[in-house]
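Chains as they are written, first to last, in the working numbering: chain A, 25 to 200; chain B, 2 to 475.
Keep in mind that a hint or two might mislead.
Pairs of lysine-lysine residues, derived as DSSO-like cross-links and limited to a Cα-Cα distance of at most 30 Å, are as follows [claimed, not checked]:
no., chain 1, residue 1, chain 2, residue 2
1, B, K106, A, K198
2, B, K199, B, K214
3, B, K214, A, K55
4, B, K214, A, K175
5, B, K363, B, K106
6, A, K108, A, K198
7, B, K200, B, K214
8, B, K199, B, K363
9, B, K200, A, K198
10, B, K283, B, K106
11, A, K55, A, K175
12, B, K199, A, K198
13, B, K283, B, K363
14, B, K200, B, K106
15, B, K283, B, K214
In case anyone wonders, no lab produced these hints; they're calculated from the structure.
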Amino acid sequence: MRTASHKNLDVVYGLYDDEEIMLDAVRQANKEHLDIMDVYSPFPVHGLDPLLGLEESRLHVAGFVFGAMGTLTAFLGMTWIFTKDWPIIFGGKPYWSVPAFIPITFELTVLFAAIGMVVTFYTICGLGPGVTNPYLDDRITDDKFCIAFDKSNVDVSAVESFFASTGASEVNQKTI
Amino acid sequence: MSAVVSPIREPLVTGAKTYHQITEDLISPTERTPPASWVIGFILSIITFSFGAFCLLWTVWHGIGTWDLNRTIGWGWDITNFVWWIGIGHAGTLISAILLLFRQKWRTGVNRAAEAMTIFAVMCAAIYPGIHMGRMWMAMFIFPYPNTRGPLWPNFNSPLLWDVFAISTYFTVSVLFWYAGLVPDFATIRDRATGFRKKIYNFLSFGWTGSAKHWQRWESLSLILAGIATPLVLSVHTIVSFDFATSVIPGWHTTIFPPYFVAGAIFSGFAMVLTLMLVTRKLLKLEDYITIEHVESMNKVILATGSIVGVAYLTELFISWYSGYVYEQFAFFNRALGPYWWSYFGMMFCNVLSPQFFWSKKLRRNVLFTFFMSIFINIGMWFERFVIIATTLARDYLPSSWSLYSPTWVEIGIFIGTIGLFFVLYLAFTRVAPVVAVAEIKSILKTGGDQYVGPKNAHKMHHAHDDAHAHDTH
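Use the sequences and the hints to build the structure in full.
Structure, rendered in structure tokens:
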């Protein structure tokens with residue numbers, strides 16, 4: 025389950041049975057200045073991001089940029105086609121009949137924004153068809169909440185006592 | 002999970018589930034051998050789909066003359082079925098996008114299956130404009146691509162072309178939205194699987210790990226996709242209604258069409274969601290996830306949109322009389338009392354009268370009644386499209402060109418075939434993916450579940466105990 029591009033990473037991780045216990049543990053880790061590598065959970069845990077110091081996602085910026093590209097592609101494309109490339113009069117309307125361009129402009133805005141944002145999402149997360157990312161435990165996608173530490177960044181005995189004191193149900197080490 | 006559990010709202014997940022139990026309940030249907038009922042249903046669907054495919058080939062081989070269309074009635078069952086399927090395809094994105102923006106937690110029980118239904122319904126719908134062209138091997142002419150014919154471009158001022166863009170965008174965005182939700186659930190299946198099955202789900206799950214940053218981006222993605230899919234879903238049936246409303250046919254040329262079509266689409270879409278979900282929850286034993294509360298919520302949407310549709314029908318009638326325009330008046334006289342009066346009364350009965358039963362809470366919560374009602378509404382909404390299309394065309398300005406239309410076996414066969422295709426896809430879907438969004442159900446368990454009994458739940462134990470007790474007694 026290892027991709028060639030991934031360097032060997034020694035990880036010590038604890039599994040928790042409930043997200044609220046895990047959140048308390050993350051708070052405790054922050055107090056003890058333990059450098060958490062990542063937290064894995066079966067569903068999005070609210071309130072976790074500020075504790076881990078994660079900034080708000082900027083995916084909406086990508087959405088806006090791609091959407092604007094869609095708007096311009098559709099509107100300028102139709103404008104060019106109907107005024108320069110092949111002007112035709114339809115139903116006595118002007119060549120450049122802006123109101124009739126609105127529906128397609130709207131649809132392409134949505135289409136470009138959606139495709140662009142989804143592709144951006146998978147790319148920055150390193151996800152994609154057939155990608156195999158190293159993962160720590162099979163039960164993380166079921167009912168376990170995992171706090172992982174990079175062994176090179178922390179004192180392993182301190183981490184183990186941290187897991188014991190915060191109620192981790194299991195502590196393991198793994199190289200991914 | 003700091004949200005307060007309301008004593009008034011009914012639980013959305015019943016049966017004292019733990020996170021692991023949710024995984025077991027929702028993933029295991031994809032791991033078992035299919036039950037006999039599934040196999041029988043699948044075989045029947047394959048047979049009906051095969052007959053539809055035969056009729057499609059028959060149409061392509063012999064031409065559109067095998068249909069009963071004529072110079073007066075150029076749109077018959079083909080466009081009727083197209084609009085019917087597209088309308089059905091509106092509930093999924095409504096549930097997943099609009100209800101997400103409104104923070105309606107009950108959507109988590111039904112959104113996955115409803116989105117799947119949307120995608121399959123749009124696929125069925127897309128067949129009709131394709132074959133309706135007559136020479137469907139030239140269907141790519143509708144897309145604006147540089148070509149050796151000039152380049153000659155499609156007419157961007159035409160509502161029919163807007164429809165091409167609306168429906169292809171809707172389909173693409175629905176698929177992307179649906180799949181983004183499926184990725185974490187496929188990862189759950191992957192982590193339970195072994196051997197070749199693990200390889201397949203490893204491919205499908207895109208290497209999902211459940212990292213905190215990924216979840217944050219995933220939620221951000223879902224929210225923005227919901228935000229742009231909301232105007233999209235409203236635009237699609239608006240544009241479908243433009244196919245009619247921008248023409249100069251009496252009975253079609255009305256400004257009420259866009260909102261009336263959108264309400265009708267949501268109405269029929271929810272009816273189809275109920276038809277499917279009531280059967281699915283029974284067969285897959287999902288009563289704890291798709292509760293009577295979910296059924297009642299959907300019935301309320303049906304009552305609201307059904308009433309909007311009813312008001313629209315009556316407004317149309319009133320305006321046609323009040324306009325003083327004889328052609329418009331005749332169009333509506335002809336709908337109600339002309340040769341197709343039965344379809345008009347079928348429509349009025351199924352769409353306007355029957356949903357009014359849902360004012361009764363008892364009936365809203367009655368599963369069998371709801372099931373029959375959902376079938377009624379599906380039929381009624383089909384009649385509505387038939388009334389708008391064939392009935393209106395049959396009697397136009399010149400009495401000398403009046404005509405009548407009834408479908409041939411080929412047209413009926415294609416319709417049956419798309420129903421077969423729809424169920425082939427839906428039944429296959431229930432085998433490969435969890436029909437209820439696993440991760441999303443887990444995320445509402447503590448706030449929307451009845452009796453979360455996991456660890457660290459002391460402050461809710463009292464409430465849980467009451468509910469557990471109530472559960473034991475029935």
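Right, here's what the structure says about each hint:
| no. | hint | verdict |
| --- | --- | --- |
| 1 | B/K106 to A/K198 | violated (37 Å) |
| 2 | B/K199 to B/K214 | holds (25 Å) |
| 3 | B/K214 to A/K55 | holds (21 Å) |
| 4 | B/K214 to A/K175 | holds (20 Å) |
| 5 | B/K363 to B/K106 | holds (23 Å) |
| 6 | A/K108 to A/K198 | violated (64 Å) |
| 7 | B/K200 to B/K214 | holds (25 Å) |
| 8 | B/K199 to B/K363 | violated (46 Å) |
| 9 | B/K200 to A/K198 | holds (22 Å) |
| 10 | B/K283 to B/K106 | holds (22 Å) |
| 11 | A/K55 to A/K175 | holds (19 Å) |
| 12 | B/K199 to A/K198 | holds (21 Å) |
| 13 | B/K283 to B/K363 | holds (20 Å) |
| 14 | B/K200 to B/K106 | violated (33 Å) |
| 15 | B/K283 to B/K214 | violated (37 Å) |
In summary, the numbered hints that this structure violates are 1, 6, 8, 14 and 15.
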